[in-house]
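Chains as they are written, first to last, in this note's numbering: chain A, 555 to 661; chain B, 69 to 236.
Since the hints were made in silico from the structure, they are not lab data.
Hints may contain errors.
[To be verified] As a list, the in silico SDA-like pairs of lysine to any residue whose alpha-carbon atoms are at most 25 Å apart:
id : chain 1 : residue 1 : chain 2 : residue 2
1  : B       : 80        : A       : 604
2  : A       : 590       : B       : 172
3  : B       : 162       : B       : 87
4  : A       : 590       : A       : 607
5  : B       : 162       : A       : 621
6  : B       : 162       : A       : 604
7  : B       : 80        : A       : 614
8  : A       : 590       : A       : 604
[Said to hold, decoys possible] Some, not all, of what chain A presents toward chain B, calculated at C-beta under 8 Å:
id : residue
9  : 568
10 : 613
11 : 624
12 : 632
Beta carbons: idealized from backbone N, C-alpha and C, even for Gly.
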Amino acid sequence: MAIFDRLTHGPLAVHELAATMPVSRPAVSQHLRVLKEAGLVLDSKAGTRRLYQLDPEGVARLRAHFDQVWTRALRAFEIAASQDPTLPKEKKGEQKNAGTGRKHRRP
Amino acid sequence: MPELAESTVVRKSIRVSAPIERAFSVFVEQMETWWPPDHHMGAEPFQSIIIEPRIGGRWYERDANGVEGLWGFVRAWDPPHRVTLSWHIGPNWKYDPDLATASDVELRFTPEGPSATLVELTHSGLERHGEGYQQLREILDGPDAWGRTLEEFAKAAGLKATTRETSA
Numbered sequence: 555m556a557i558f559d560r561l562t563h564g565p566l567a568v569h570e571l572a573a574t575m576p577v578s579r580p581a582v583s584q585h586l587r588v589l590k591e592a593g594l595v596l597d598s599k600a601g602t603r604r605l606y607q608l609d610p611e612g613v614a615r616l617r618a619h620f621d622q623v624w625t626r627a628l629r630a631f632e633i634a635a636s637q638d639p640t641l642p643k644e645k646k647g648e649q650k651n652a653g654t655g656r657k658h659r660r661p
Numbered sequence: 069m070p071e072l073a074e075s076t077v078v079r080k081s082i083r084v085s086a087p088i089e090r091a092f093s094v095f096v097e098q099m100e101t102w103w104p105p106d107h108h109m110g111a112e113p114f115q116s117i118i119i120e121p122r123i124g125g126r127w128y129e130r131d132a133n134g135v136e137g138l139w140g141f142v143r144a145w146d147p148p149h150r151v152t153l154s155w156h157i158g159p160n161w162k163y164d165p166d167l168a169t170a171s172d173v174e175l176r177f178t179p180e181g182p183s184a185t186l187v188e189l190t191h192s193g194l195e196r197h198g199e200g201y202q203q204l205r206e207i208l209d210g211p212d213a214w215g216r217t218l219e220e221f222a223k224a225a226g227l228k229a230t231t232r233e234t235s236a
């Protein structure tokens with residue numbers, strides 16, 4: 555998301571964003587609206603200009619969501635991977651396309 | 069503000085007591101045996117989670133009735149060392165077909181001796197999920213946001229809840 559990347563360097567107006575991107579100004583505005591509704595971008599007035607900047611709190615919440623997903627998933631993965639492989643595993647009677655007996659070898 | 073750009077990346081690492089081949093295999097070939105069961109996209113719980121073992125392969129869940137739900141695609145495939153996946157699931161846990169709004173999950177497996185493996189995960193481009201973010205607020209603000217704890221999950225999976233905290 556190029557707009558997001560550009561805003562990581564500081565607040566910008568719509569025309570400043572549009573000037574450096576291969577998309578139209580209305581497209582930039584539309585994208586900013588989505589980011590604003592999502593809580594990732596804030597806007598403010600500076601004189602006659604409207605400036606857009608990232609909302610660090612909103613960005614932190616987005617990141618926290620994925621952080622939680624992976625913290626939980628990786629802990630469960632750790633338990634599963636560290637099991638004794640000689641024990642019979644709980645399988646769900648489904649043939650997986652990758653093949654459970656498949657061995658991966660280094661190239 | 070380069071730290072702000074970094075703030076849309078999640079990095080995790082974990083050490084598992086398993087050879088690299090097993091660590092890789094459990095992660096990508098047996099995902100349904102450990103993935104938190106309440107994190108699914110379909111109406112029904114998944115029975116299997118499949119990563120097709122090739123570049124361009126699909127990453128999807130399938131329920132008991134054979135209904136599939138796409139999670140993303142394989143972008144890099146170098147078993148048992150590295151796999152990169154596109155993640156098309158927004159915070160609302162719905163599939164988004166637009167590649168421009170998908171984030172990237174990279175997994176690296178590094179052997180640490182014959183029976184230990186370092187697994188490093190990098191989930192980047194999270195800002196691309198902005199459009200599903202409104203629902204995320206409701207999810208995170210709701211009661212029992214992430215519900216069950218690890219112990220409950222381990223119990224449900226029939227495992228002993230004796231984990232070590234090794235994630236960084």
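Hint check:
1. 80(B) / 604(A): Status violated; Cα separation ~38 Å.
2. 590(A) / 172(B): Judged against 25 Å, a Cα distance of about 23 Å means the pair holds.
3. 162(B) / 87(B): violated (34 Å)
4. 590(A) / 607(A): Distance of about 10 Å is within 25 Å: holds.
5. 162(B) / 621(A): holds (18 Å)
6. 162(B) / 604(A): violated (33 Å)
7. 80(B) / 614(A): holds (16 Å)
8. 590(A) / 604(A): holds (13 Å)
9. 568: violated (17 Å)
10. 613: Cβ of residue 613(A) sits 5 Å from chain B, so the hint holds.
11. 624: holds (5 Å)
12. 632: Because about 5 Å separates residue 632(A) from the closest Cβ in chain B, which is inside the 8 Å limit, the hint holds.
Violated hints for the displayed structure, listed by number in ascending order: 1, 3, 6, 9.
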